[in-house]
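Asker: Protein sequence lines correspond, in order, to chains A and B.
Residue numbering for the first sequence follows the UniProt record's numbering, beginning at 1 and increasing consecutively.
Residue numbering for the second sequence follows the UniProt record's numbering, beginning at 1 and increasing consecutively.
In case anyone wonders, no lab produced these hints; they're calculated from the structure.
There's no promise every hint is true.
25 angstroms max Cα-Cα, derived DMTMM-like pairs, lysine to aspartate or glutamate [stated by the list, open to error]:
1. B/Lys94 <-> A/Asp356
2. B/Lys93 <-> A/Glu338
3. B/Lys211 <-> B/Glu69
4. A/Lys505 <-> B/Glu84
5. A/Lys335 <-> A/Asp294
6. B/Lys78 <-> A/Asp103
7. B/Lys439 <-> A/Glu462
8. B/Lys439 <-> A/Glu202
9. A/Lys2 <-> B/Glu417
10. A/Lys335 <-> B/Glu84
11. B/Lys211 <-> A/Glu202
Source: prediction; values computed, not measured.
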Amino acid sequence: MKLAYWMYAGPAHIGTLRIASSFKKVHAIMHAPLGDDYFNVMRSMLERDRDFTPVTASVVDRHVLARGSQEKVVENITRKDREESPDLVILTPTCTSSILQEDLQNFVSRASIETEADVLLADVNHYRVNELQAGDRTLEQIVTFYMEKAKSNNQVLTQKTKTPSVNIIGAVSLGFHNQHDIAELKRLFQDLDIQINQIIPENASVQDLKKLPSAWFNFIPYRETGLMTARYLEKEFNMPYVDITPMGIVQTAACIRSIQQLVNALGAAVDYEKYIDEQTRFISQSAWFSRSIDCQNLTGKKAIVFGDATHAAAITRILHQEMGIHVAWCGTYCKYDEEWFKDQVQEFCDEVIVSDDHGLIGDLIAKTEPAAIFGTQMERHIGKRLNIPCGVISSPVHIQNFPLSYRPFLGYEGTNQIADLVYNSFTLGMEDHLLEIFGGHDTTEALSIGISAVDSINWSEEAQKELNKIPGFVRGKVKRNTEKFARDCSKNLITLEVMYEAKEKVSS
Amino acid sequence: MSTAQSDALTFECETGNYHTFCPISCVSWLYQKIEDSFFLVIGTKTCGYFLQNAMGVMIFAEPRYAMAELEEGDISAKLNDYGELRRLCLQIKKDRNPSVIFWIGTCTTEIIKMDLEGIAPKLEAEIRVPIVVARANGLDYAFTQGEDTVLAAMAQRCPLNLKNQSDNTSLKTSPHIPLVLFGSLPDPVVTQLTMELKKQGIFVSGWLPSKRYTELPVIKEGYYVAGVNPFLSRTATTLMRRRKTKLIGAPFPIGPDGTRAWIEKICSVMNVKPIGLEDREKAIWASLEDYISLIRGKSVFFMGDNLLEVSLARFLTRCGMTVYEIGIPYMDKRYQAAELALLKATCDKMNVMMPTIVEKPDNYNQVDRIRDLKPDLVITGMAHANPLEARGINTKWSVEFTFAQIHGFTNARDILELVTRPLRRNLSLSELGWDVYSKQS
Chain A
1 MKLAYWMYAG PAHIGTLRIA SSFKKVHAIM HAPLGDDYFN VMRSMLERDR DFTPVTASVV
61 DRHVLARGSQ EKVVENITRK DREESPDLVI LTPTCTSSIL QEDLQNFVSR ASIETEADVL
121 LADVNHYRVN ELQAGDRTLE QIVTFYMEKA KSNNQVLTQK TKTPSVNIIG AVSLGFHNQH
181 DIAELKRLFQ DLDIQINQII PENASVQDLK KLPSAWFNFI PYRETGLMTA RYLEKEFNMP
241 YVDITPMGIV QTAACIRSIQ QLVNALGAAV DYEKYIDEQT RFISQSAWFS RSIDCQNLTG
301 KKAIVFGDAT HAAAITRILH QEMGIHVAWC GTYCKYDEEW FKDQVQEFCD EVIVSDDHGL
361 IGDLIAKTEP AAIFGTQMER HIGKRLNIPC GVISSPVHIQ NFPLSYRPFL GYEGTNQIAD
421 LVYNSFTLGM EDHLLEIFGG HDTTEALSIG ISAVDSINWS EEAQKELNKI PGFVRGKVKR
481 NTEKFARDCS KNLITLEVMY EAKEKVSS
Chain B
1 MSTAQSDALT FECETGNYHT FCPISCVSWL YQKIEDSFFL VIGTKTCGYF LQNAMGVMIF
61 AEPRYAMAEL EEGDISAKLN DYGELRRLCL QIKKDRNPSV IFWIGTCTTE IIKMDLEGIA
121 PKLEAEIRVP IVVARANGLD YAFTQGEDTV LAAMAQRCPL NLKNQSDNTS LKTSPHIPLV
181 LFGSLPDPVV TQLTMELKKQ GIFVSGWLPS KRYTELPVIK EGYYVAGVNP FLSRTATTLM
241 RRRKTKLIGA PFPIGPDGTR AWIEKICSVM NVKPIGLEDR EKAIWASLED YISLIRGKSV
301 FFMGDNLLEV SLARFLTRCG MTVYEIGIPY MDKRYQAAEL ALLKATCDKM NVMMPTIVEK
361 PDNYNQVDRI RDLKPDLVIT GMAHANPLEA RGINTKWSVE FTFAQIHGFT NARDILELVT
421 RPLRRNLSLS ELGWDVYSKQ S
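Based on the provided sequences and hints, a complete structural model is requested.
Answerer: In structure tokens form, the structure reads like this:
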């Protein structure tokens, strides 16, 4: 047993559900007790999804414990098939159901005899993999299933497109700024004159997966989701892939060069150097911004970075290479990817931390006392407590990290967004200097007379105590309303009774 | 006036495919209520993920709750439960020094049959911190029923005698058989309801739960008990059977009608003639008129997820709304008997059809019915709220009713504030003419 207050990555089935619900016409059925369908709330709230999340539960209750859930699972799968006519139904076990050790694969086989839809059992072990690993595996599983199916029907489209083309793999529901990133990648590939063959899984149809091999190569923007699929496609269909995340000026250039090398090897003759130079120096603002005198103030400032492997590695590189910021340490909670992560960031920071214990991260931040933190929502809250500003750069995130406006982290527009984020996270340069010179903010007490100070209305001790229990942000209003009410009925002592009478009679 | 169109209440039961919170969510309000407690949820990553997401920012305020996250070794019994729990509880004792540790059993501890009730007394004796076990799992319960399992376990821990005779005064001066109320409410609401009864000369000798575990009320054989929430049937049963108390079966003090009926019932049991209650209720109704005029004649559909549904439906019927359906996770017809009777009486009085009460609803079927009925308001969980709004249907998140102050005369306005909010907001938006925001049917 582990004493845990908070976790960076969720349980495995969340990863499976994120993949399943990203595809069009794929329905996931969770083999889970009542209340485990919290994923639907997250989709509906965080992503503000307009449509019903295509996830239902086959509820595990006492009856199921006594009799097994065979009939119920099969019935739920066939029912969804009738109701929604999906292309694919994915049955996913949860932590709880996986210890029942029921033969879910058997239920899936039985159900698929009766359904129009294909039926798959998600292959994830809840006690060994987390949300991210499970997502990666589920995507590979679905792609493999449909490629094998197409192969046996001789339907695989292996004929390559005439001009260079790409599949973008890893656009996932509830991913950090994913939708904006994908839009930015589309723009990038358009600029490079590379046709987009397919983007999976977000908004893709499983029926189209057989067309994947007609692309020249695969592109994996995020470490966490898509690599397993890319490796499968490489092995089976000899498709190369690029997995350099185009985050930051330097890495975006590296990514584009890698693409160039790859398509040229396949027979194209492209030279992207001019494009990179033009974008870097004149279209994107961030390279110039780093050079501008304002950004000089950031030189040598101390920061720490923590997040998933993709984002933490990329941001560390940007801070160090592109902005001259001192990264005291950088870390990730993706423990399973430790080797890659260390390799990526070692030379850009003093120390590398790999841990999923937020207590340890909090203590480290307190000890380091950086000028700014770049982390997840957890680090933002740690920063709040320690009065250190924080820019959120990675999941796990809250609803404010699903902005309506265009905020990619990838590509050239992404570099602008990141530069703003970094700059705004530090105390502004000039303000910083002035505060130092004048020894802080003006501390002269403002002369003001509060409304309640005009006449003396007393609060009984009981009422005062009650008032103090009211949350701070409404306390002032309650106090004013109550005092106004007391004044109106000429009472000069506010007791508990008066307080509640006021609440009943003064409509707020 | 009362040409009753309805006969008896109709109950239906569907498939139980509905969305609700896991009952372990009770931890989030109970740890705040019981100030010297620590809640340890013994479960998996799934439980932890739910708690951390559902409780949002609260998690960052150094909560007095944590997960005992089960690992593969725990599941396969390679590790010894007693040893593991002992290690964790000693650490909690060292770091937080609570007066009580609650163990919240989950689906997983049920399935692997971890003997929490057996381990607790031994460990309690060893580490000298009381350990209370509650099985608030999703195999058996929904959302607010979690609190019921915790209070039922706590009821057993209430003292039979006061240790300190000097603070016995309140009991001695009580002119009637002592009354203990059960149900966790925010402190201001506790004060309000206590004062409301005091006005009638009825003294509340204690609340289950109290602010601190060390202040649990004395409960002796023959005492009266009354519930303040509709989801506390196990607690009621425990208090009657195990503690030999007498349950006052009353409607719940939600809405001015419910509050009056609740007080009246308590008064009648105590042989007290209520004073000024009728006027008080009238005055409250009058003060609510601005909100009621917004919902009078409108229709409402409860999808059902927190067991407050019958009481809220009864109150909204009295406000002049038509209730199409009362979805509810679980219906204890005995514990809620007085509330159901008041619902029926209210329907008769307002001359509206009795709504169907649908136990263990099926959300898919409900959405179908909502499409047909087009109610003016759907009270529903967060999984369905946005999709319904996108289809032009006004919704109110049901969860807010469990966290807002809704009990007593004083807070009737807060219920209507919640109920009318979507109507007030969408009134202005509908003038823009964009009612449907989804391309799906």
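Asker: Each hint needs a verdict: does it hold in this structure or not?
Answerer: Tested hints:
Distance restraint check for B/Lys94 and A/Asp356: the Cα-Cα separation of roughly 23 angstroms lies within the 25 angstroms cut-off, and the hinted pair is therefore satisfied. Restraint check for B/Lys93 and A/Glu338: the C-alpha separation of about 34 angstroms exceeds 25 angstroms, so the hint is violated. For the given pair, B/Lys211 sits about 28 angstroms from B/Glu69 by alpha-carbon distance, which is inconsistent with the 25 angstroms threshold. Our distance criterion of 25 angstroms between C-alpha atoms is broken by A/Lys505 and B/Glu84, whose separation comes to about 55 angstroms.
For the hint linking A/Lys335 to A/Asp294, the alpha-carbon distance of about 37 angstroms lies beyond 25 angstroms, and the restraint is violated. Only pairs whose Cα atoms come within 25 angstroms are accepted, and B/Lys78 paired with A/Asp103 is accepted, the gap being roughly 23 angstroms. Straight-line distance between C-alpha atoms of B/Lys439 and A/Glu462 comes to about 56 angstroms, which puts the hinted pair past the 25 angstroms bound. Note on B/Lys439 and A/Glu202: the hinted pairing holds, with a Cα-Cα distance of about 17 angstroms set against a maximum of 25 angstroms.
The straight-line distance between the Cα atoms of A/Lys2 and B/Glu417 is roughly 43 angstroms, outside the 25 angstroms bound, and the hint therefore fails. Distance hint between A/Lys335 and B/Glu84 is fulfilled; the C-alpha atoms sit about 24 angstroms from each other, no more than 25 angstroms. With a C-alpha separation of about 49 angstroms, the suggested pairing of B/Lys211 with A/Glu202 is violated against the 25 angstroms cut-off.
When the structure is compared with the earlier hints, violations turn up for hints 2, 3, 4, 5, 7, 9, 11 and for no others.
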